[in-house]
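A.B. asks: Starting from the known structure of chain A, arrange chain B on it as the hints suggest.
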Amino acid sequence: MNEGLIIAIIIGISIASVPLIFAAIGELLVERSGVLNLGVEGMMIVGALAGFVIEFHTGSSFLAVLAALLAGMAIASIFAFLTQILLTNQVATGLALTLFGLGIAAFIGRGYSEENIQLISAIHIPLLSDFPIVGPLLFSYNPLVYLAFFMVFLVWWFLFKTKQGLTLRAIGDNHDAAHAIGHNVIRYRVLAILFGGAMAGIGGAFLSLVQVPIWGEDMTAGRGWIAIGLVVFSSWQPFKVILGALIFGGITILQLHAQGFDVRISAQYLSMLPYLATIVILVSLRMRDKNKTNRTMPNCLGRIFHSTS
Amino acid sequence: MIRLIPRTQPSKAMIFLSPLLALTLTAVTAFFIFAFILTDIEVSSVFYTLFVEPLIDTYYISELLVKAAPLIMIALGLSIGFRAGVWNIGAEGQYVIGGITGGAVGLYFYNVEGFWLIPLMSLAAILGGMFYAGIAAFLKTKYQVNEILVTLMLTYVAVLFLSAMLQGPMRNPSGFNFPESRPFHDSALLPIIWQGTRLNIGLIIAVILSFVTWFGIKRHLSGLQIKITGSAPRAAKFAGFDDKKTIWFALLISGGVAGLAGLFEVIGPAGQITPGLPQFYGFTAIIVAFLSRLHPIAIIFSSLLIALTYIGGENVQIYFNLPSSITNIFQGMLLFYFLACDVLIQYKIVFFKTIRQKL
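Chains as they are written, first to last, in our numbering: chain A, 1 to 309; chain B, 310 to 668.
Derived from the structure by calculation, the hints contain no laboratory data. What you are looking at is a predicted structure, and each value in this text was computed from that prediction instead of being measured. Think of the CB as a built atom: it goes at the ideal place given N, C-alpha and C, for glycine as much as any other residue. Keep in mind that the hints are not guaranteed to be accurate.
[Stated by the list, open to error] Take a look, some chain A residues computed to stay more than 10 Å from chain B by CB distance:
no., residue
1, Asn-2
2, Phe-62
3, Ile-214
4, Ile-226
5, Leu-243
6, Leu-256
7, Gln-268
8, Met-272
9, Arg-286
[To be verified] So the derived list for chain B, only partly shown, Cβ under 8 Å to chain A, looks like this:
no., residue
10, Leu-364
11, Ile-365
12, Ala-473
13, Gln-476
14, Gly-477
15, Met-479
16, Phe-592
17, Ile-638
18, Gly-641
19, Leu-644
20, Phe-645
21, Val-652
The following block holds chain A by itself, in its conformation from the complex (with noise of 0.2 Å):
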C-alpha cells in the first residue's frame, strides 16, 4: 500500500464516522437528560430528505444543512410532545417516530430518487491543505466535518462546564428531586430532544450532501440504531463517542476496500461486520467492566416524569 491509499483509508474512515458522530452526540445529551429516544433513525432519514430537496432546488449548501436541522427539529418535536407533555411510552413512541420518519421521507421524496446534486465541496485553506500528509489529514474536509467534532466538545463544555449542563445532567439522574428544588424538569428535557432531532437530521444530510450526491430511501442503513449503540458505548462520555464512531467508519471502509480487493468472501459477509462490530463492541465493553455496569448511566432514562404539584 502507498502513502496516498493509506492517507485515503483515513479520511474515507473520518468521513464516515461524521454523520454516526452528529446522531450519537445529539442522542448523548437526549439520554442525559434522562429521556431514550429511540426514533434517531427517522429523524436522520427526515433531515437527509430535507437536505437533498433544498440543496436540489436552491443549490445553497448552507440552506441545506439548515432545512436538514429543522426537519429534524420538527420531526422530533412529535416525540418530544407526546412523551413530555403526554406522558406516553418512551420506547413505543421512539419507534412509531422511526417508522413515521421513514415512511413519510420516502413519500415526499418519490420524486428525487433520480436526480442529482452537487456535493459540498471540501475547504481549502492556501498553504496548510498544500502541507504534504498533515494537509489533506487535517485541513481538506468539507466545514461539517469540523462541525461534528466541534459539537462534541460543546456538548461536552456544556454538560460539565455550565450551571445549565449540571443541572440537565441532575434532571438526567432524579427529575423528581431536580423538580423539587425548582428546576422545570419538561423544558429541560423537550429542549434536549430539540437538539437531538437537529443533530440527528443534520448527520441524515451529511449522507446525502456529502457522501453520495443522490436521494435514497433506506440511505440510513440503520446508521440511527448504530449511533445508539455508540452512546452506550461512549457511557454517556462526549469525548467517546468520536473513538467510536472512529470505530464504525473504520470497519465500513476496511470493508469495502476489501470488497475492492477482491476478498474471497461474499459482499454480503463483509456488509453485516458494522452491525456485528456493534454487537462485539456492546459485549466487550460490559467483559471489560463487569462490575461497574450501567454507572455512568443516568438513572431516570427512559422513565415517565409527572410533577405531582
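C.D. replies: Below, chain B alone, put in the same frame as chain A:
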C-alpha cells in the same frame, strides 16, 4: 398549555373510545398530509383505494387475511416479551432466519414427499428463530447488553445472510441464476383453506395460538410472573421470580413464533425462498402489539386493521405510482395517536386557564 390530572380510577369509557379516537385522528391527519403533498391526484380516490377497496373485493379480503396471519403470530410472541419489559425489536430478523432454517429442511428433501415434512420444517424454523433471539437473551443475561440493539443489529445481519444464501447454497440450480430457491412441492406447502386464493392454514394456526396465549396468560403462574416482572422488577425479585428466566422465556417464545411465521411465508404465499421474504412484518407487529394493548385476542383485530394498511398501500402503489412506504406513515401515525389517546385512560386533560380559575 395543557396539564394532565390523574383520574382516581382508569376511565372505562376511554379504554374503548381511545382506539376509535386514534383511528379518526389518523385518518384526518393523513387526509391533510396527502392533500398538501399530492397536488396532482384526487385525495379522496387515494383514500378509497387505501381503505374501502380492500374490504369490498373478495380477492383483497383473502389477501388481507394472508397478511394478518404472520402479524398475529409475531405480535403474540412480542406481546409476551413486552409484558415482561423485554424489548425484542428484531422479530424481523428471527422471521427471516426461521424462513431460512425451515426452508433449508424443505430444500434438503426437495424430492421427498411426506406428511412429516411440514412439521419437521416447522420445528427447524422455530428452533432457528429461537436460536437467533436466544443470542440476545444470552448477551442480556450474561453481559447486560441491551436487547433492543442486539436484536436490531441482528436483523440487518439476517437480511444480508438471506441474500448470501440465495446467491450461494440455496439458489435454484435450474433457476437462470435468479437469487431464488427451488419452488417447494405440494407436500411442503401449507394447505389452502379458501380455494382460488392464497389463504392458507397459517391463519387458523395464528388464531389458535392467540387463544392458547390468552389462556396461558390467564391461567398460569408464568403469565403472572411475566406481568409482574414487567411492571415491577424489584417486587418480582422479592417474590422469588427469576429475572433471567423471564428474559430467556420471553425472547425464546417471541423468536420461535417469529421463525415459524417466516417459514409460513416461505411455504405459504411465496412458495419458495426469495429476497422479498422480509416484508417489515417484524416491525409492524410491534405496532400491532401496542394497538392491542398486549391482549392476545385484541391482537387478531389490530392485525386485521394493520393488514388493511398493507393491502391499501400496495394498491395505491400500483394505481397511483405512490411509494408503498405510505403504509409506514399510517402505521407510525396510528401508533402516535394511539399512545397519545391512551393517556386519557389514566389522566384527565385540563387546560392551564381552568386551573388558574379554580385557584
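A.B. asks: Which numbered hints does this structure break?
C.D. replies: 4, 7, 8, 9, 10, 11, 15
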